[in-house]
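*Asks:* Chain B: place on chain A using the hints.
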Amino acid sequence: MKARHLLLAGIAAAVLLVWPHFLKSYGIYLLSYWLIYIIATMGLNLTVGYAGQKSLGHAAFFGIGAYTVAILLKAGVSFWLGLPAGALLCFAVGLVLGFPALRVQTIYLAFATLGFNTAVWLLIRNEEWLTGGTFGINNIARPELFGFSLEGNKAYYHLVLVITVLMGLLLWGLLRSPWGKAFTALRDNPIRAESLGVSVRGYTLLSFAIGAAYAGVAGGLFASLVQFIEPAPFNVAASIMMYLMVVVGGPGYFLGPVLGAAVGVILPEWLRDVPGVANWYLPAFGAAVVLLMVWLPDGLLSIPDRLKARREAREASALRAATAAATRQEVSA
Amino acid sequence: MSAAPLLKVSELRKSYDAIRAVDGVSFEVRPGEIFGVIGPNGSGKTTLFNSMLGQIRPDAGRIELQGQDVTHLGPLQLNRRGVGRTFQTLQVFGRMSVRDNLIVAAQEHQGSMLKRLFMPGDSGLGAKADALIDQFRIGHVAHKKAGQLSYGQQKLVDIGMAFMSDPALVLLDEPCAGVNPSLVGGLSRLLKELNETRRGSFVVIEHNMDFVMDLCHRIMVMVEGRVMAIGTPAEIRANRQVLDAYLGS
Chain A
4 MKARHLLLAG IAAAVLLVWP HFLKSYGIYL LSYWLIYIIA TMGLNLTVGY AGQKSLGHAA
64 FFGIGAYTVA ILLKAGVSFW LGLPAGALLC FAVGLVLGFP ALRVQTIYLA FATLGFNTAV
124 WLLIRNEEWL TGGTFGINNI ARPELFGFSL EGNKAYYHLV LVITVLMGLL LWGLLRSPWG
184 KAFTALRDNP IRAESLGVSV RGYTLLSFAI GAAYAGVAGG LFASLVQFIE PAPFNVAASI
244 MMYLMVVVGG PGYFLGPVLG AAVGVILPEW LRDVPGVANW YLPAFGAAVV LLMVWLPDGL
304 LSIPDRLKAR REAREASALR AATAAATRQE VSA
Chain B
185 MSAAPLLKVS ELRKSYDAIR AVDGVSFEVR PGEIFGVIGP NGSGKTTLFN SMLGQIRPDA
245 GRIELQGQDV THLGPLQLNR RGVGRTFQTL QVFGRMSVRD NLIVAAQEHQ GSMLKRLFMP
305 GDSGLGAKAD ALIDQFRIGH VAHKKAGQLS YGQQKLVDIG MAFMSDPALV LLDEPCAGVN
365 PSLVGGLSRL LKELNETRRG SFVVIEHNMD FVMDLCHRIM VMVEGRVMAI GTPAEIRANR
425 QVLDAYLGS
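Here the protein sequences line up with chains A and B, keeping their order. Under our numbering, the first residue of the first sequence is numbered 4, with each subsequent residue one higher. Under our numbering, the first residue of the second sequence is numbered 185, with each subsequent residue one higher.
All clues stand as given, with none of them false.
In silico EDC-like cross-links for lysine to aspartate or glutamate, where the CA-CA straight-line distance does not exceed 20 Å:
1. 329(B) / 308(A)
2. 57(A) / 301(A)
3. 328(B) / 308(A)
4. 157(A) / 147(A)
Covered stretches of chain B (chain A as the covering partner; in silico rule of three or more C-beta atoms under 8 Å from a C-beta of chain A):
5. 255 to 263
6. 272 to 278
7. 281 to 288
8. 294 to 303
In short, the hints are calculated from the structure, not lab data. Heads up, the beta-carbon is just placed ideally off N, CA and C, and yes, glycines get one too.
Okay, chain A solo, but in the shape it has when bound:
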């Protein structure tokens, strides 16, 4: 990592640590919500952005993680066991969901995952004995750590922040390892990748499973943040929103989910407070997303790459023009 990156990471960490002290309760809640969506969309970014798969079922894993933690907490199991249990369950279910991806691709895969999300959502809504159905599960506790209660909004925010950073570092390490290159090869050209010994089957399944585990962790944190869960946040619309966050931020860019989740979580809330927009904040949000997709189809983080490509093209054409002029001069001499 370059010194510049370390400096930026340090500044970002300082801002995120200090920021909640200047916010009211709702602002802190919103920041926690944003961080949780960063974790969820980091996982989706691995599946979609790095490995090139399609998934409109990510909210189902978010729900599985949330309900696993909520149910286990109600059964008296510690949050610190419930959270990894939710992630592990999502990893296993994600592995299974990866199998259709071995047979179908593109829009067909998207529909297969959408069907999965609908099935999970129906299960959550209908199996009242386990999930509380439409009444949901309430009074979900927040954890303690070494005897310190994390019940308060600020304390819980800091827990979510630490877990977000840890999950980010884990993903960073994974993407820097040979696995990261294999995922990218799978996305760019699966036929070539297989001819080079890259197990398309293995890495496809892993991309779904690891992505799902991230959603599971996010879901578990979400359950304790809102302290009441019901089926609505885990429906297909939520999956589409998560996909949108990845695409808006920049699929295949490590920090894409940070910006994408900000657009998906914070921008609509901010628009609510903008004078003249308050009554129109959702259409304004929709218009902002449409404009982003039209002008930046590769997401916000593609801007530096686009500028660099434009500069290189300008330099190349200037070089060509200079060479042609020199050749003409030589010929005329």
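*Replies:* Below, chain B alone, put in the same frame as chain A:
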């Protein structure tokens, strides 16, 4: 070159409905040999290649690699057993750097999948990739994204990827396709150099006759799915049947 064959193809057949694309083809490739496959369009070269590479399943026949039956293995298993390949069209990973393209081409041969998770990003292959980059004379673009290079440079990266894992056998599908004619001689020299330094065997499909005649130790001529002749370049050039059917007088 009289050792046991590295590759032995026996009575290979593949039909598409009533069309016999490959009809009883048999040949051997010896260790260290550069073996050319030529023939007019529709003669079955690509179907033969795809059958040998596990892309399609032959109807009948047997393919042996170093004495082992590999007839029904897929591309992944064949790569693990030491078969590298290039495709007719460019197949580089456009958003990766040239160096990373070469590294990913061999990293899956470095230990188990789980072990690779804890390896450094270059899987310990950085020096090897750099050496190949030097040999291919593409050092000036080593850190550029492969998709940003010229066609000829991408072609070199594509070929280099096939050699990164030190395969025993490399199948090159039309390596000259789309390459500027002035660069074909350099490509031929490079492949000869690789053949000498790495002692690998190559099977080359190519339409450029000068290239094939200059590069290959032996050549097989295919017409309508069958083998018309196998011999040295001089023997093929002198074969009346081949001249009439394919090369022309």
